[in-house]
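Participant: Relying on the hints, combine the two individually framed chains into one complex.
What follows is each chain in one-letter form.
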Amino acid sequence: GQNIDQPTEMTATEGAIVQINCTYQTSGFNGLFWYQQHAGEAPTFLSYNVLDGLEEKGRFSSFLSRSKGYSYLLLKELQMKDSASYLCAADMNTGFQKLVFGTGTRLLVSP
Amino acid sequence: EPEVTQTPSHQVTQMGQEVILRCVPISNHLYFYWYRQILGQKVEFLVSFYNNEISEKSEIFDDQFSVERPDGSNFTLKIRSTKLEDSAMYFCARAGREGKNIQYFGAGTRLSVL
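Here the protein sequences line up with chains B and C, keeping their order. The first sequence: position 51 = 51 (the working numbering), numbered continuously. The second sequence: position 32 = 32 (the working numbering), numbered continuously.
One chain only, chain C, in its complex shape (with noise of 0.2 Å):
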């Protein structure tokens, strides 16, 4: 089952700069998801999105996220001011294939923030 790929693998920046990650479904889907998991901890949802628009977001994505779609295929996750306590790897998700709405991951970013 094809999942995702992301890109970059691994990301490093400075706190306060901006950071894009990208997630480029193999093939159409309808559901997408960004969930991130600090090194050691839980897996914790970020947001869903739902034809081309948020679906659900969680307590964590602030005013300092944003995700869209912009040329109907990329799906990217933007951090604005990035702080340290936004390293962590930040995985896509699709689902939707199917009628089964089971959520398979991408290979996840790792974002280093110095």
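Pulled out of the complex, with its shape left as it was, chain B reads as follows (with noise of 0.2 Å):
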């Protein structure tokens, strides 16, 4: 089975870090996928990890531990702007690249 686990909610303050936790149980997996989705617009693509660790890219980093089946999504140094559903997607094994994604986590930034 297929079975995507992340928090449904989280607040922060502007300025601060915040770690978007995702548990992932799975039959087959190439990585794991991390998208932004702002209301009523298409996920936006943030990080893709294949491999065990951490990866940055300027405010946004993502860490991938394969053996535990688990990832996060850290954002520093909140903005307004980063209001926003934040999606943890599979890459299943299939062939052609299915994405199964979780409920997602809808963060909220206050002033």
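Don't take every hint at face value.
[As the list claims (entries may be wrong)] Some chain C residues close to chain B (C-beta under 10 Å, calculated; not the full set):
1. A95
2. Q103
3. F105
4. A107
Please keep in mind that the hints were generated in silico from the structure rather than gathered at the bench. We put the beta carbon where it would ideally sit given N, CA and C, even for glycine.
Facilitator: The structure is reproduced here in structure tokens:
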């Protein structure tokens, strides 16, 4: 089966750091995506982790542990515009890449 | 990074009617996908399309759904007889450029079935 779990909602203040966790149980796994989705808009690509470890890209970093079925997205120096849903998605090893999404974590950044 | 262009942005239809949602790639891509997102719910995989053929489809993608690339450019999703529960955002995504398996999403079509 396939199960992706992430918190429903998180709150943080401007300038702070927030970590959004994602755990997955899937049969067949290539890697893990993180997308940002503002209300009423399309998911926007943030990161793709295939190997274990941390990948940093500006204010955003993403971590993957394949053995633990665990990933997190780290957002630093939070800005109001970071208020959005953050979607964790497993890249299934089906040959042609199928993404299985979690329900998303709604992040509210307050002043 | 250019994504794909989806038309229309919003489609309103009566239950039982056929709808066609269109996805136009900006340039030549190899892999195309359709996903849907019912309001307030998670993004769900519908179908993947490679080399003008369906490569995988989900249990949601039943006989009411079909995809094709009629003119080698536009990529369409057809729902033959819409139901109320088909109301959702439908996203087209593409991948395959520069050897990266990163899926980039179009802006989506909001389908409202009345």
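Participant: Next, verify each hint and record whether it holds.
Facilitator: Results of checking the hints against the structure:
no.	hint	in the structure
1	A95	7 Å, holds
2	Q103	6 Å, holds
3	F105	4 Å, holds
4	A107	5 Å, holds
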